[in-house]
Each structure stands twice: as structure tokens, then as C-alpha cells.
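So the sequence lines, in the order shown, correspond to chains A, B, C and D. Residues 1 to 255 (the numbering used here) are what the first sequence spells out, left to right. Residues 1 to 232 (the numbering used here) are what the second sequence spells out, left to right. Residues 1 to 315 (the numbering used here) are what the third sequence spells out, left to right. Residues 1 to 287 (the numbering used here) are what the fourth sequence spells out, left to right.
None of these hints come from the bench; they were simulated from the model. Careful: at least some of the hints might be erroneous.
[Stated by the list, open to error] The calculated SDA-like cross-link candidates involving lysine to any residue, where the alpha carbons are at most 25 angstroms apart (straight line), are:
| id | chain 1 | residue 1 | chain 2 | residue 2 |
| --- | --- | --- | --- | --- |
| 1 | B | 209 | A | 153 |
| 2 | A | 247 | B | 162 |
| 3 | A | 125 | C | 177 |
| 4 | D | 277 | B | 89 |
| 5 | B | 54 | C | 297 |
| 6 | B | 129 | D | 160 |
| 7 | A | 112 | C | 193 |
| 8 | A | 247 | B | 224 |
| 9 | C | 3 | C | 172 |
| 10 | B | 25 | B | 103 |
| 11 | C | 297 | D | 160 |
| 12 | C | 192 | A | 11 |
| 13 | D | 163 | B | 112 |
| 14 | A | 241 | B | 103 |
| 15 | A | 23 | B | 168 |
| 16 | C | 308 | A | 97 |
| 17 | B | 130 | D | 275 |
| 18 | C | 297 | C | 309 |
| 19 | C | 186 | A | 117 |
| 20 | C | 18 | C | 5 |
| 21 | B | 209 | A | 191 |
| 22 | A | 58 | D | 160 |
| 23 | A | 85 | A | 241 |
| 24 | B | 129 | D | 174 |
| 25 | B | 129 | A | 18 |
| 26 | D | 85 | C | 304 |
| 27 | A | 146 | C | 255 |
| 28 | A | 11 | A | 91 |
| 29 | B | 223 | A | 92 |
| 30 | D | 163 | B | 168 |
| 31 | D | 85 | C | 103 |
| 32 | B | 67 | B | 89 |
| 33 | D | 163 | D | 153 |
| 34 | C | 2 | A | 102 |
| 35 | C | 186 | A | 92 |
| 36 | D | 163 | B | 209 |
Fair warning: this is a prediction, and the values are worked out from it, not measured in the lab.
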Amino acid sequence: MTTQKKDTILKVDNIHHSYGKFKVLNGISLEVKRGGITALIGPNGAGKTTFYNVISGKFPPTRGKIYFNNIDITGFPPHKIVKLKLLRSFQITNIFPELTVEENILIPLILKRGKCYSFFKDLKKYKEFYIEAENIMNNLGLIEFKNRTVSELAYGDKRLVEIGITFASDPEMILLDEPTAGMNPAETERTVNLIKDLSEKSNVTFFITEHDMNVVFSVSEYIFVLHQGSLLAQGTPEEIKNNQEVKEAYLGGSV
Amino acid sequence: MLKVEDIHVYIGDSYIIQGISLEVKKGEIVALLGRNGAGKTTTFKSIIGYLPPKKGNIFFENVNITKNKVFQNVRLGIGYVPEDRRLFPDLTVRENFEVSFLPPHEGIEPWTIDRIFSEIPIVEKLQNKKGGELSGGEQQIVAIARALCCNPKLLLLDEPCEGLAPVIVEELGEIILKLKQHIPILMSEQNAHFALKISDRGYVIDKGKIKFSGSANQLKENKEIQERYLAV
Amino acid sequence: MKKVFIFLLILFFLFLPKISSEYWTFIAIEVLIMGFFAMSFNLLMGYSGLLSFGHAGFFGVGAYTTAILLQHGFNSLFLILLIAIIVSLICSVVIGYLSVRQDEIYFAMITLGFGMMLYTIAHNWTDFTGGSDGLPLMNEPILNLFGKKISLISPENLYFFTFVIVFIGILILWKIINSPFGLILKGMRENKNRLNFSGGNISSIRLFAFTISGTLSGVAGFLFCLFSSMATPDFLHWSFSAKPVIMSILGGAWNFYGPMVGAAIFFALEQFIKMYTDNWMIFLGILLIPITILFPKGVLGTIYDYAKKRYNSKS
Amino acid sequence: MEGFVLNLLNGLSWGMLLFLISVGLTTVFGVMGILNFAHGSFYMLGAYFCLEIMKYFNSFWIGLIVAPLFVAILGFIIEKTLLNKIYARDVIFQLLLTFAILLILDDSVRFIWGPGYHVINPPDILSGSVKVFTHSYPVYRFFLIILGPVVAVILWGFFHFTKAGKIIRAVASDREMAEGVGLNAPLVFSLVFAFGCWLAGLGGALASPIESVAPSMGEKIIIESFIVVVIGGMGSFPGAFIGALILGLVESFGTNLIGEIQMAIPYLVLAIILLVKPTGLFGKKIA
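Chain A extracted, bound-state conformation (with noise of 0.2 angstroms):
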């Protein structure tokens, strides 16, 4: 990893969400820099979900912006953030469950290369596309399923599935979101070294939320708090581990 200042790839200002009456996120400005892995955290119901939402363009914030590359995205459609390489994963598991593996990854492949409204030639023909879908599978360690159809699969390898779905459009940015949730302790080391492994490879940023404190401080560089809607801290991993606010904010007192 390099020290050398790094320029921002995602730039948030001072944004705004509410469902009805009740204020989720409260105006919230952050950066985040290009390369890494940086996170998200904050106890359940802080609105990560929603910050996250907000940012991939399934609502628009009720104030503020959103820079991703210089690119002011405030209010795109979800489809053209994609576009410009900022992708995004789901905390539930969100994938294509009556269609294998492959077809899974192939659809974001097929969009990325604007190949959608290809309506006669044959998609067997597109062999450049079975060989990239190929290629993540077998980085996602996903193989050996090609062509098993996905909700089949045990939870955690559909979880596998929903990162190939997101690392298939190409991205430059990716939200994770809660990669972990509902993993058992050894699918989570697994997901955890993919990421690392992932993040290594490649020139991704990756933006994390997760809820496992140690999954949290072993991967990431720079950490964001968030708490009842708005940032509460920032810093490095070792700074928030001795971050009193934060230690209080996640154990209520209790400790």
C-alpha cells in the first residue's frame, strides 16, 4: 500500500435524508480516497443502509451533494452512476435467483459492454464474455457452481455471487454493503481475505459498512463513524479503537 497523497474519489456534502418526518441522515460531509479499503460504521439504525442508499442513486438526498470523480451524481438514476463506475452491493441478498451463476455475472457484463439491446446475434457467440465471467468466477472461488442456478446455493456463497454480480460492472468504487451479515465465522474469513485479496489486485476503492468490529479493524485504512445520522468520527483504525465517543455511542454506557 502507498503512502502518497491520495486524491478523493467520492466527495459528500453536507447531505440530507428523511423518511417523512423522521430525519435519517443529517447532513453528512465526507471524502473518501481513491485505492483501499475504507469503512463505514455505526450501531444498527445509525443509516448506513440509507447513506448508502442515497449515494447509489435510489433516492436523492433532500439536500446536499454528491461528487463521485469530480462528477457532481446528486439525484442520477442508479443506472447511470453505474455508468460512471460506482457500483454498489445489498445488505440483503440481491441477485438473479432463478438464473445460474454464469448468467448472473454475464448481466452486468452484457451491460457494461452496452450490449443490451443486442436482440439477434447470440449471446454464445459473445466469447469474450464467458471468458471475463469466467475469469470472476474463478477469482470469487464461485467455479466449481457455474452452472448450478443461484438460490440453490448456501447463504454464503450467494453472497459470493452478489460481489461477482458488483465486481463484474467494472467498478472503480465499490459500497459494500454489511459483506458479512448473517456469515458464519468461516465464510466470514473467507469473504474477508476475497476482499483483501480483491483490493489488492485490482485498482478498486472499496467503501464498507459491517457490523464485525474485528472484520472492521483488520481490512480497512480509514474509518468513518457515523451515529444517529451524522458523522461522529474519523480516523484511523487505531485512532477510533481508543475514540472514547465512539466507544460510547457503540456500547451505550453499558460498558
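Keeping the supplied structure of chain A fixed, place chains B, C and D upon it in accordance with the hints.
Just chains B, C and D now, kept in the frame of chain A:
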């Protein structure tokens, strides 16, 4: 009160609960502890009747309720507060209570709106707000109050502190302890600190199986269990 | 194995008029047309997860275009077919544009509304469409094939003409579902949210699917007009839109040929029941009830699943 | 001026009739999530039952009260035996099942009462006419114009101030949770469906003196009430009222304006409203 005997529960084709037995006695708070995805919510949904077990039995006051419908179980006296609270969003808090009132059971002091207001005072201020307008903590407290309107003999609380700010969690703990004087509670929690502080006994669940059971003190001391199965 | 089967099937269809009576040839033509209509419709329902309840509108537009052109003295069937395609394409784009933003039941209702709008036009614009009596074909449709004039009044000729057009139509559908776009459609059926977050523009993908489906339905309408020698408002009525839905469910919406099989079953049932009673509709209703309640994946689909389960549990 | 007033009255009375029918459709959809294709058939049955009852009692009022009740009972039975099996299913099965019910009911009516049309006279008090400028305008239509808002207010009060109404709203917003507080949701569903059918039957009985009672009357009304429900916003109570008014008025005024293709007007209204507001006037955002 409640006795769950070796239940096996499927959601679709996936085998979620792989043989769980547990028991709640009068006057107790029992905690069901485990990680996200361990099977806590599924266990609750199975007990209340949303997901009847494929195998195994559930007894409530020595009556086999395994095959009952949800509303029948609620009428028998099992109050249910789901993980996501689920207030009726278009109804006011007061209306949420009104539709939930069930005739009281013999030998149990009946819950009325006034009694709820006096036991849980914050609710009174919220009574004219709509369910959808409340914050997470308010929703949780109102959801518990709503379950009381059913005049339950036993309360199931699924992940009461999920998504709540620490201050509110503390407040919630007090409410739960107060309720304990009237009604036994089975509660599921990820937050072991919170749960063990207020409960008498606990079960630790992982991957659909009970891994450990014992008193709250035993669990507090057992660091190995905590590290392996709980997100501490 | 599969290829041999399809080959034999094609062979069977080719020689059908030689071995069957005129009566059954007519029924075979109807099955082919309606089956093709149902397959076009199923590109939306089975492959894209969109239930259109106004597809009879496009079918009718194809039929009326054909009838009106023939009445006004156009005599090149291929030119008429081309115009019918263009007209139903335009209708599909316009109606599709207004409908694709909606989901599920909303989509079904809105397409139903627009289908009925076309019906109303056909029903009320008497000067142009003949009103409720419809437009009969006054001129004999003649196919000019390399200078050879073939009259489509003859059931055998009409059968071959229909067969060729339907064959080409099915080939187009086959190409589409095996193309990249076909996989994108299935992805939309499975999880449109995820598709959106993988860079798919849902409205635009839907509009394309809707347009293809509507246009091919117009082609089916063109054939049906030749077959029934007229175009009537009934072709556009919403109860006509229910036919492809029923056929797809009967035959299985997740299978490419399902709707065609469903059409065959539908007409076989109709013939059978009409031997005993005139109240075919009431019997269709009575038949539909167990079908909707007992066969969650369509008739053939459910039977297939059941057989697979039995087979798996044995082995 | 005179033409304007007459059009207005026609539009209002037709709109109020449409409202009565659409409100049943939208309630059933709002609570149960089922779009009932057979709703028009229940409307038709209301008219035929009224016709039949009048044969025995010779009183429109008895017909008006009893006929919708029979329709409601039939609806209750249909929900209990058929509809309750398909709630969890895909939309398409729900549509097909209610379509099957429509086929059976429509053909049965044709079978029992024949294909011809029948006429019902309004009761004596309502059979006269009032002078509007130079025209005499039937009292019965005034009766409809008044009845519509009255029913609307009663229904609104029912949903907002009675326990039954609140329970229905609770079940509508979250059926699972409603069971979780001890409500017998399956029974509520049956009753709501019966209630929807009752409203349709009431509409049919009320329409019988001004519309000819014929086997096609259900088919005609169902599409229009679909449009009302879509432009008003599906499941929305005020939407049904406003939607019905708009459609009634636009159709009434459109008759003079365009003539031949006036029947396409409702669809044009539908297209325009959807272009401006895809969820309908009072529709909630689709999640």
C-alpha cells in the same frame, strides 16, 4: 408457560431451525441470544405461528399450539412484538392500540389505555401521531405497548434494541424490567450486554441450533461462548 | 434428441393439411396464429415478468390494418404485412412509453385501459372501421410469389402461408431470447432492482420488450384477419386479451414453446366442449378455477415440477 | 347555459354511480391487494336481483335493500371458497381467477334471464321530473347526485371513526401484523370482499332504473371503474370519488364536443393523468 420441543423450521427449501427446544416459566425474562442470521427471528415466528415447524411441538400452558394460526395464539395470550415493530403506519398510536384490544384473561389485571399511559408515560405524548411518523425508539416502545393491549400472559420481544440509540436502549431496559413484574418475557437479542443485564436465563443459538443454555450469570462469565457465538 | 424432436414436429406441421380434413386444417391454422400470439405475449409475461392485459389491442391493430388496406385495393400481401408491422410498432411504442413505468397490477390495468381505447376506436369510428359489425374482406387475398398468384382462400394455401410466417416469427423470438437482450429480460424478471443497480435502464429495456411483443402480436393479427376474412372489434376486446394469458398459463410461461402448446390445449378443449354445449365460456370459467388454484406454475410447469420431484426422490 | 347545466347534472349523476361501484373495487384492492375483474358482474347481479325481488314485492326499495345483501353473501362464499387460496400468488393468477368468476357469472346471467334487456321503473316518489330551464329533468338522477356524497361521507366516517373501520385499515396496511395483534385477518378479508360486492350490488340496483338491465352491463362498467380507480390512485378512497367525478363530467361534456369518438375520452383522460402523475391523483408512491 411456554415449552418448545425440538422444532425444525424451513423457509422455502432452506432448513433454518434445526431442532430447538426451550422453555419460559412464570415470572422470568429469558433471552435468546445469537448473531444476525442465527435463527432467532425464525424461532419467534415459528412460536407465534407465522412459520409452523415441520417437526416438533410447541406448548403454551400445556396446550399444544403447534398448528394454531397466529391470531389464535395471540388470543390465547401470547403477545408478539416483531423485530421490525410494524406499527400500522396510517393509524395513529391510539388507533394502533384500539384495534389491538382483546378481552382480558382471568386472573390477570386487564390493560387499558389509561393503565398503559400510567405505566409507560412517554406513550401518552405520542398518542395522536401516526405510526409511520415515529422514530425507531418511539416505535419500539409503542409496539410493546400495543402488544400489551392484547392482554398477553407471555410477551415475545424480537430484538427490541435493534437500531436504537444507547439512551433509548437504557430506557427500554427499564420498561422491560417494569413489565417483568406483570408478565414473563421471551426476548431475542444480538446485544448480549443488554440482554444479560435484564434477563434471568439465556439460550445461545447459532445456525439454527441451541449451543448453550444457562443462567444469565453463567453466560456473562463464559467468555468463550461470547466470543464464538455472540457479537461482543 | 431435442433437435430430432423439433425436426419431426416441423415435418408433422408441414404435412398436416395433406393428412387431415379441411376442418382440422382450419383449426390448425387458428392454433398456429393464436399460439404465435401467445408466444409474442409471453415474451413479456414469461421472460420479462410483465403482465400486459391489453395485447389484443395490437393484435387488432394488425388485423384492422390488413382489412382496411385490402379493402382499399392494396394487393401485395407482403406490403400489407410490412405496413401492419409498422402500424402496430408505432402503437406499441406509444402505449408502451405510457405504461412501462408501472409495475405488476398497475401495468396490467394500464395496458388493459389502452387496449380498450383501441377497442373503442375500432368500435365507434364506423366510417373507417365498420363499427361493431367489423370489416369483412371483400377482395380475395392473393399472394404474389415470384409472379405466381396463390389464392389464400384455399385452406391449404392459407395454412402454408401462416405456417411460414409463424415459423419466421418464432425464429425471431427464439433469436431474441437467446441474445444478450434475452438474458437481460430474464434478469429483469428475476430482480429488476438489481438489474437497475447493474446499469440497466429498466424503462428502456421494458419499452423494447413491449414493442417487440406488441409488433409481433400485430403480425399475428394480420394472419388472423386473413384467416377469419374479417376484422372485428372483438379482436381488440379485453376478453380477447385474456386468451394469450390463459394459453401461456396452460402451457407454461417459463417454457419457450409453452404458449403454443397451451393454444393447442385451449382449442382442443373448446372443440370438445362445444360438441356438447353452447356455453363454452361458462365451462372455460369452471376449468380456469382449478387451473389457477391448483397449478401455481401453470399446468405443464407444475406437472413437470412434480414429475421432477418424484424422479429425484426415487434416485 | 342550459346545455351546460344539463351536462353538469348528467355528469354528476353518472359520476356518483361510478363512484359507488369504484369505491368497492378500490376498497377490495386497497385491503386485499386483489383486483377484482368480476366486480362488474356483481354490479350486474345487483340489478338482476333487484329486478327479481321486485317481481315478488313490487317495491323498488325492498329490492334496493335486499338485492345488494344477496350479492354480498355470494361474494362472501366466493371469497371463502376460491379467492382465499391465491393471495400469496402472482398477480396473474388473481386476475385469471376473478376473470373465471366473471365468465361464470356473466354466462349464468345470460342463461337464467336471457340475453334481452329489462326495464325497472323508479319508485313513485322519484319517478317525476323537475323543470330545469325548458327541459324536464328526472328526479331519480337528482336522487343519485345527492346519494353519492351521502354514501361517501358515511363510508369515510365508517373507516375513520368505527372500530371495524380501523381494523380494516390495520389489516389493509399490514395483514401479517394484524394477525399478530390477534385480529382474524382471514375473516376480515372475507367480510371486506363481501362489503365490496355489496357496494357493487348497491350500484347495480341503483343503476337499474336508468340503465337497461342486460347481460352486457357488467362488462361496460368494469372498464370504466378500472379507469376511475387508476386515475384516482389505486386503493385510495378520495381518489375514487374525485376520479369518478372527473370521468362522469368529462364523459358527459365530451358527448357534445366530439361526437363520434367520445367513447375514447375516458382513455385519453387516463393517458393524460398518467403522463402527469404515474401513480394516479391520490396514489401513493409505489415502493
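Structure-based check of all given hints:
1. B:209 with A:153: holds, 21 angstroms
2. A:247 with B:162: holds, 17 angstroms
3. A:125 with C:177: Status holds; Cα separation ~14 angstroms.
4. D:277 with B:89: holds, 24 angstroms
5. B:54 with C:297: holds, 24 angstroms
6. B:129 with D:160: The given pair, whose Cα atoms are some 15 angstroms apart, holds under the 25 angstroms limit.
7. A:112 with C:193: Roughly 16 angstroms between the alpha carbons, so the hint for residue 112 of chain A and residue 193 of chain C holds.
8. A:247 with B:224: Cα-Cα ~22 angstroms, so holds.
9. C:3 with C:172: Answer holds: residue 3 of chain C to residue 172 of chain C is near 18 angstroms, not above 25 angstroms.
10. B:25 with B:103: Holds, because 23 angstroms separates the two Cα atoms, which is no more than 25 angstroms.
11. C:297 with D:160: violated, 40 angstroms
12. C:192 with A:11: Violated, at roughly 28 angstroms.
13. D:163 with B:112: holds, 16 angstroms
14. A:241 with B:103: With Cα atoms ~52 angstroms apart, residue 241 of chain A and residue 103 of chain B exceed 25 angstroms; violated.
15. A:23 with B:168: holds, 17 angstroms
16. C:308 with A:97: holds, 19 angstroms
17. B:130 with D:275: Distance ~31 angstroms between residue 130 of chain B and residue 275 of chain D Cα, so the pair is violated.
18. C:297 with C:309: holds, 14 angstroms
19. C:186 with A:117: Distance ~14 angstroms between residue 186 of chain C and residue 117 of chain A Cα, so the pair holds.
20. C:18 with C:5: holds, 20 angstroms
21. B:209 with A:191: The given pair, whose Cα atoms are some 23 angstroms apart, holds under the 25 angstroms limit.
22. A:58 with D:160: violated, 34 angstroms
23. A:85 with A:241: Roughly 32 angstroms between the alpha carbons, so the hint for residue 85 of chain A and residue 241 of chain A is violated.
24. B:129 with D:174: This hinted pair holds, its Cα atoms lying about 18 angstroms apart.
25. B:129 with A:18: Given pair residue 129 of chain B, residue 18 of chain A holds - Cα atoms ~17 angstroms apart, limit 25 angstroms.
26. D:85 with C:304: Answer holds: residue 85 of chain D to residue 304 of chain C is near 22 angstroms, not above 25 angstroms.
27. A:146 with C:255: holds, 22 angstroms
28. A:11 with A:91: Between residue 11 of chain A and residue 91 of chain A the Cα gap is close to 22 angstroms, so the pair holds against 25 angstroms.
29. B:223 with A:92: Status violated; Cα separation ~30 angstroms.
30. D:163 with B:168: Judged against 25 angstroms, a Cα distance of about 32 angstroms means the pair is violated.
31. D:85 with C:103: holds, 23 angstroms
32. B:67 with B:89: Not satisfied, since the Cα-Cα distance of roughly 30 angstroms exceeds 25 angstroms.
33. D:163 with D:153: At roughly 17 angstroms apart (the allowed maximum being 25 angstroms), residue 153 of chain D and residue 163 of chain D satisfy the hint.
34. C:2 with A:102: holds, 23 angstroms
35. C:186 with A:92: Roughly 20 angstroms between the alpha carbons, so the hint for residue 186 of chain C and residue 92 of chain A holds.
36. D:163 with B:209: Distance ~42 angstroms between residue 163 of chain D and residue 209 of chain B Cα, so the pair is violated.
Of the hints listed earlier, those the structure fails to meet are numbers 11, 12, 14, 17, 22, 23, 29, 30, 32, 36, in rising order.
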